[in-house]
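First to last, the protein sequences are chains A and B.
Note that the first sequence ends on residue 907 in full-length UniProt numbering; no numbers are left out.
Note that the second sequence ends on residue 289 in full-length UniProt numbering; no numbers are left out.
Treat the hints with care, as some may be off.
[What the hints assert, rightly or not] Cβ pair distances, simulated, as ranges:
(1) B:L226 with A:R48: 52 to 60 Å
(2) B:A29 with A:P815: 45 to 53 Å
(3) A:E313 with B:A29: 52 to 60 Å
(4) A:E142 with B:L273: 42 to 50 Å
Derived from the structure by calculation, the hints contain no laboratory data.
For glycine and all other residues, C-beta sits at the position ideal for the given N, C-alpha and C.
What follows is each chain in one-letter form.
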Amino acid sequence: MPAIRSARVRRALPAAAVASALLAAAVLWLAWPESAAYTTEEQVVSVRSGPGGDEPVDLDTTLYLPTDRSGPVPAVLLAHGFGGTKQSVRADAEDLAGLGYAVLAYTARGFGRSGGEIHLDSPDYEVRDAQRLLDWLAARPEVGKDADGDPKVGVVGGSYGGGLALLLAAQDQRVDAIVPMITWNDLSRSFLPESTGADPVDGVFKKGWAGLFFGGSAGIGADPACGRFARDVCEMYQRTATTGRATPEAVDLLRRSSPSTVLDRIKAPTLLVQGETDTLFPLSEADANARGIAANGTPVRVAWYTGGHDGGEGPRSDRDRVRFLTAQWLDYYVKGEGEAPANSFTWSRVAGFDAMDRGLVTNGYSVDDYPGLSGTATERVALAGPPQPIANPPGGNPAAISTLPGGGGLASAASEVGGLIGDLPGQHAIFQSEPLAAAVDIAGAPTVSIRAASPTGEAVLFVKLYDVDEGGAATLPGGIVAPVRLTGLPADPAQARAVTVTLPAIVRRIEAGHRLRVVVATSDQGYATPAEPALYTVALGGDGITVPTVTGEPIPTTAVLWRWVLAGLVAAVLLGLVVVLLVVRRHHRRTDSKIHEEYAQTPLVVRRLRKEYADGFVAVSNVDFTVARGQVVGLLGPNGAGKTTTLRVLMGLTQPSGGEIYVFGHRLVPGSPVLSRLGALVEGPGFLPHLSGLDNLKAYWRATGRPAADARLDDAVEIAGLGDSIHRKVRKYSHGMKQRLAIAQAMLGLPELLVLDEPTDGLDPPQIAEMRRVLKRYATDGRAVLVSSHLLAEVEQTCTHAVVVNKGEIVASGPVEEIVGDSPTVRLDVSDVDAAEAVLQRLAGVRSVAGDGTNGLVVDINGTARSEVVAELVRAGVGVDRVVPRRRLEDAFLALVGDNSRGSGDR
Amino acid sequence: MSSTATIGAAAGYRPGRTLSVWQEWRRQATRRRTQLALGFMVLLPLIVLIAFQFDSGGDDDNGGGEFASLIDLATSGGLNFTLFTLFVSAGFLLTVVVALFCGDTVASEASWGSLRYLLAVPVPRARLLAVKLVVALGYSAVALVLLAGTALLVGTLRYGWSPLRSTVAAEIPAGEGLLRLLGVLGYLAAGLLVVAGLAFLLSVLTDAPLGAVGGAVLLFILSSILDQITALGSIRSFLPTHYSDAWLGLLSTPVQSDDIVKGCISAVAYATLFWSLAFWRFTRKDVVS
Numbered sequence: 001m002p003a004i005r006s007a008r009v010r011r012a013l014p015a016a017a018v019a020s021a022l023l024a025a026a027v028l029w030l031a032w033p034e035s036a037a038y039t040t041e042e043q044v045v046s047v048r049s050g051p052g053g054d055e056p057v058d059l060d061t062t063l064y065l066p067t068d069r070s071g072p073v074p075a076v077l078l079a080h081g082f083g084g085t086k087q088s089v090r091a092d093a094e095d096l097a098g099l100g101y102a103v104l105a106y107t108a109r110g111f112g113r114s115g116g117e118i119h120l121d122s123p124d125y126e127v128r129d130a131q132r133l134l135d136w137l138a139a140r141p142e143v144g145k146d147a148d149g150d151p152k153v154g155v156v157g158g159s160y161g162g163g164l165a166l167l168l169a170a171q172d173q174r175v176d177a178i179v180p181m182i183t184w185n186d187l188s189r190s191f192l193p194e195s196t197g198a199d200p201v202d203g204v205f206k207k208g209w210a211g212l213f214f215g216g217s218a219g220i221g222a223d224p225a226c227g228r229f230a231r232d233v234c235e236m237y238q239r240t241a242t243t244g245r246a247t248p249e250a251v252d253l254l255r256r257s258s259p260s261t262v263l264d265r266i267k268a269p270t271l272l273v274q275g276e277t278d279t280l281f282p283l284s285e286a287d288a289n290a291r292g293i294a295a296n297g298t299p300v301r302v303a304w305y306t307g308g309h310d311g312g313e314g315p316r317s318d319r320d321r322v323r324f325l326t327a328q329w330l331d332y333y334v335k336g337e338g339e340a341p342a343n344s345f346t347w348s349r350v351a352g353f354d355a356m357d358r359g360l361v362t363n364g365y366s367v368d369d370y371p372g373l374s375g376t377a378t379e380r381v382a383l384a385g386p387p388q389p390i391a392n393p394p395g396g397n398p399a400a401i402s403t404l405p406g407g408g409g410l411a412s413a414a415s416e417v418g419g420l421i422g423d424l425p426g427q428h429a430i431f432q433s434e435p436l437a438a439a440v441d442i443a444g445a446p447t448v449s450i451r452a453a454s455p456t457g458e459a460v461l462f463v464k465l466y467d468v469d470e471g472g473a474a475t476l477p478g479g480i481v482a483p484v485r486l487t488g489l490p491a492d493p494a495q496a497r498a499v500t501v502t503l504p505a506i507v508r509r510i511e512a513g514h515r516l517r518v519v520v521a522t523s524d525q526g527y528a529t530p531a532e533p534a535l536y537t538v539a540l541g542g543d544g545i546t547v548p549t550v551t552g553e554p555i556p557t558t559a560v561l562w563r564w565v566l567a568g569l570v571a572a573v574l575l576g577l578v579v580v581l582l583v584v585r586r587h588h589r590r591t592d593s594k595i596h597e598e599y600a601q602t603p604l605v606v607r608r609l610r611k612e613y614a615d616g617f618v619a620v621s622n623v624d625f626t627v628a629r630g631q632v633v634g635l636l637g638p639n640g641a642g643k644t645t646t647l648r649v650l651m652g653l654t655q656p657s658g659g660e661i662y663v664f665g666h667r668l669v670p671g672s673p674v675l676s677r678l679g680a681l682v683e684g685p686g687f688l689p690h691l692s693g694l695d696n697l698k699a700y701w702r703a704t705g706r707p708a709a710d711a712r713l714d715d716a717v718e719i720a721g722l723g724d725s726i727h728r729k730v731r732k733y734s735h736g737m738k739q740r741l742a743i744a745q746a747m748l749g750l751p752e753l754l755v756l757d758e759p760t761d762g763l764d765p766p767q768i769a770e771m772r773r774v775l776k777r778y779a780t781d782g783r784a785v786l787v788s789s790h791l792l793a794e795v796e797q798t799c800t801h802a803v804v805v806n807k808g809e810i811v812a813s814g815p816v817e818e819i820v821g822d823s824p825t826v827r828l829d830v831s832d833v834d835a836a837e838a839v840l841q842r843l844a845g846v847r848s849v850a851g852d853g854t855n856g857l858v859v860d861i862n863g864t865a866r867s868e869v870v871a872e873l874v875r876a877g878v879g880v881d882r883v884v885p886r887r888r889l890e891d892a893f894l895a896l897v898g899d900n901s902r903g904s905g906d907r
Numbered sequence: 001m002s003s004t005a006t007i008g009a010a011a012g013y014r015p016g017r018t019l020s021v022w023q024e025w026r027r028q029a030t031r032r033r034t035q036l037a038l039g040f041m042v043l044l045p046l047i048v049l050i051a052f053q054f055d056s057g058g059d060d061d062n063g064g065g066e067f068a069s070l071i072d073l074a075t076s077g078g079l080n081f082t083l084f085t086l087f088v089s090a091g092f093l094l095t096v097v098v099a100l101f102c103g104d105t106v107a108s109e110a111s112w113g114s115l116r117y118l119l120a121v122p123v124p125r126a127r128l129l130a131v132k133l134v135v136a137l138g139y140s141a142v143a144l145v146l147l148a149g150t151a152l153l154v155g156t157l158r159y160g161w162s163p164l165r166s167t168v169a170a171e172i173p174a175g176e177g178l179l180r181l182l183g184v185l186g187y188l189a190a191g192l193l194v195v196a197g198l199a200f201l202l203s204v205l206t207d208a209p210l211g212a213v214g215g216a217v218l219l220f221i222l223s224s225i226l227d228q229i230t231a232l233g234s235i236r237s238f239l240p241t242h243y244s245d246a247w248l249g250l251l252s253t254p255v256q257s258d259d260i261v262k263g264c265i266s267a268v269a270y271a272t273l274f275w276s277l278a279f280w281r282f283t284r285k286d287v288v289s
């Protein structure tokens, strides 16, 4: 058991190391400051190169220097792809400068603003140019050196630039490390591939890609035919494109520009990055480079990603991996920092579509050693299919389209999910397997054996491997085909010999239930095919196809980190919730126990209550009053005097700004349990409109959580007096019905303190009279009622005590009899005001007389009997129409509102 | 808190017994709004099913979008039908339904005036809010399950029980497909927590139920619009709707969980933020409705 575990741990370690390094790199990349971490220096550098080393050429360069350097820094020579300039590698240059390298980006000869002609990375021209740039770097004081004239320098480049990196490292031993990406090993084989292993002289011309290259640069400059191409290169292309066949001289010229001939001289540690979606320089090119360079004992590392000349930069996970690998490689071999990079081989495989940014999603894998294109294991899948005749279209048209050269991610994505225009009827033969019992992870170049017969003795065929799903949809992984040119073929199919075709290397998981399909076609848009029509017969050479497989450890991505973040977040939320609950609970325990003994038997004590709203409006400035058991207290005041605000605080709906409220000695705050001893109607009724009156009462009582028997529901229903309407939905109630229901709700459970805000609002006179009786009866058995109203008569007739508030302050309070009791004034309506006034002035007890209207007088009789006053007036011949005794409450109320009917809310 | 009675309270009153989840559930259940919303969840799959019966054939133009395949495959089995139903509902319908349940719950009580009587019971404010939230989330979950359940039932009855298909991955066997579907459901539910949080917060802030529901939906749409603007770059990752389509990752093999995890983080973070604000505000505010 321990042995097994340790083995597992050992296997997991590199993956974990890569993962953590990836994480660190990702974090670093994200956290890196956006501000320019470098300065740039644009310069045209004149170098001398050519076979004799004496032909001057101007190279357009930009030197990126990291700003925070102390002393000399290592350098990177950054070369661009075909057709690009130094501007096309700007982003990479910035990245590398940010990592602390002096980056020299330059435009190769024949492109952009640089001079010279295109010699296709010729050792005499482009490579020698680069050597001179190394000299130039060595002369820069900012650049670190291994020795005099030998800068610490790595060479990084993709495609055309990658080829240069390889050729330069072979030609100039000052190069400390190279990172050639998506580049070639043998340029002649790249443009004239042949998948049975024949020489490029017999290769099938990749006219699509070749045309794209030469067409892109021809026509620029003085020569409309060759543009900026060197004469020899141009002529070689013209000859080859015309015939579709390469001469040995053409192959020689292309091989001169190929690393394949000089691999044994490369001593600089090499990181080879190749794309899986690349019909120009397929994986086999990097494989040849890797084997050739490793043969010298030079450190080589290989990485594949889902991209390339057709697939673009690939998904983000792949870009990050390539960036990380590049930085690690340069840091160790050029800068001399960090751990030695592992020898592990990393690659990625398409896992599906990204739901978010509509791109491809890939999973990264890693295995300890680079297995080459034959995998770590192989699997044999049986194919079946009869010999089939296929026609070569005259002129090679119409032709199947297997890929769009340089189509970018779009074409690659399309080929991943459905393929482009498939094979044309009559032009292809199909050999197919049974559905696979188990999934197969192909990583490498499958091989299949075919036999072909041709009346001309020769045939150009394209062999391709499809992944066919259950529904019959066929996918051509990477859009790559294997062109073969078979010669010496018999006309009779029975005599055809089997030849082994090495299909292009792919990375693909063939799911269980899918079939493998090998298609042999006669035409392909991307290749030059014989113009003569012919009818071939093709058959399987063996009984199946051999597919290489590699089983690697998945490279953990940042997803693991995010999972931990999620788990941490959920845990933090739960923990926070628990902490809040505990704190709240403790808080409750503390507040629950406070009792003001002095008021323990008093239903309500309000002390210096003040409420100031957020907008600065003071609704209640100073209110003091007490409601004792058995009392019906009227809270009287004009609209907006602060009555409702007081009651809101009393119900725990709003927080007072100052002062206290005690209910049975318990200080009242929002949500105080003592509120359960209080029944209330404040600011009108509030019911669920979709429930009946009775259901509303029941629902309300259930919400209190108290025993149903305590509710006295029947009493409440009787008080509401709604009859059968109690079963109708509240939505259909009139205002008065809702009001009565609300009063009944307030009385549910016979609370010890009943608080009613304008209870008679909306009631008709008989109901008002009934309500008075109910309230008076209610305030027995130690219960108390607080009624707020702006109606004087109501308070006077209902209440035992009254509190008059105005503008947020108490202006009068006490027993109703006391404040309502006879006041010393009386109002008289008389027939002759002047005469009456004269009479009254003479009367001994009268203190003052004031006119009130046309024939009214308000007289302060100061205890003199009203009858005596009337008798005096009548005696004097003044007719008395009406004598109205005035009361103190009315006086008080009128003093407040009589001259100004505006409410305090208008203050 | 003593086990017998709460100090100073009326007999039988205990804060922890006021307004139970079940009572709130019943309060909401009797509302026509709840019944209609849930009813529509059952009705929608039936409508979609009937719509598919009108397949005129020939015209295969489904707009050619990335998800056209979901439409093509919708009639291939119960699982795919359910997936399609979820797909068409995920963007807007479920958002509205969840916003309705969560945004209306407190604001409607405030607009009826019954909120102040509940607070005067007194139902402790935090308890009131917690019960309301639990019930609102409960109804949202019921809506989601009803939608998926009905779709699965009618889809399976009509199109049969077959593997889950999608163009981005191999056929997923029916059993595992069901699990994936549950995963999709779970992720949709998690993503809707943001709407739930936003609507609930607005519900506490306003007395107008329409304002809370509409506001939440509007803000959600705004976030979706901003998410379309690629110029915003990485800021978009912080938009609550940015990961709303991540459930499609569950359809590929192997499952792409990266964005799903990020989406869950975003949803949990936003929901927690909104709910915390809602509780913070409600336990302090003056109820003047």
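Checklist line | Broken hints, by number | finding: When the structure is compared with the hints, none of them turns out to be violated.
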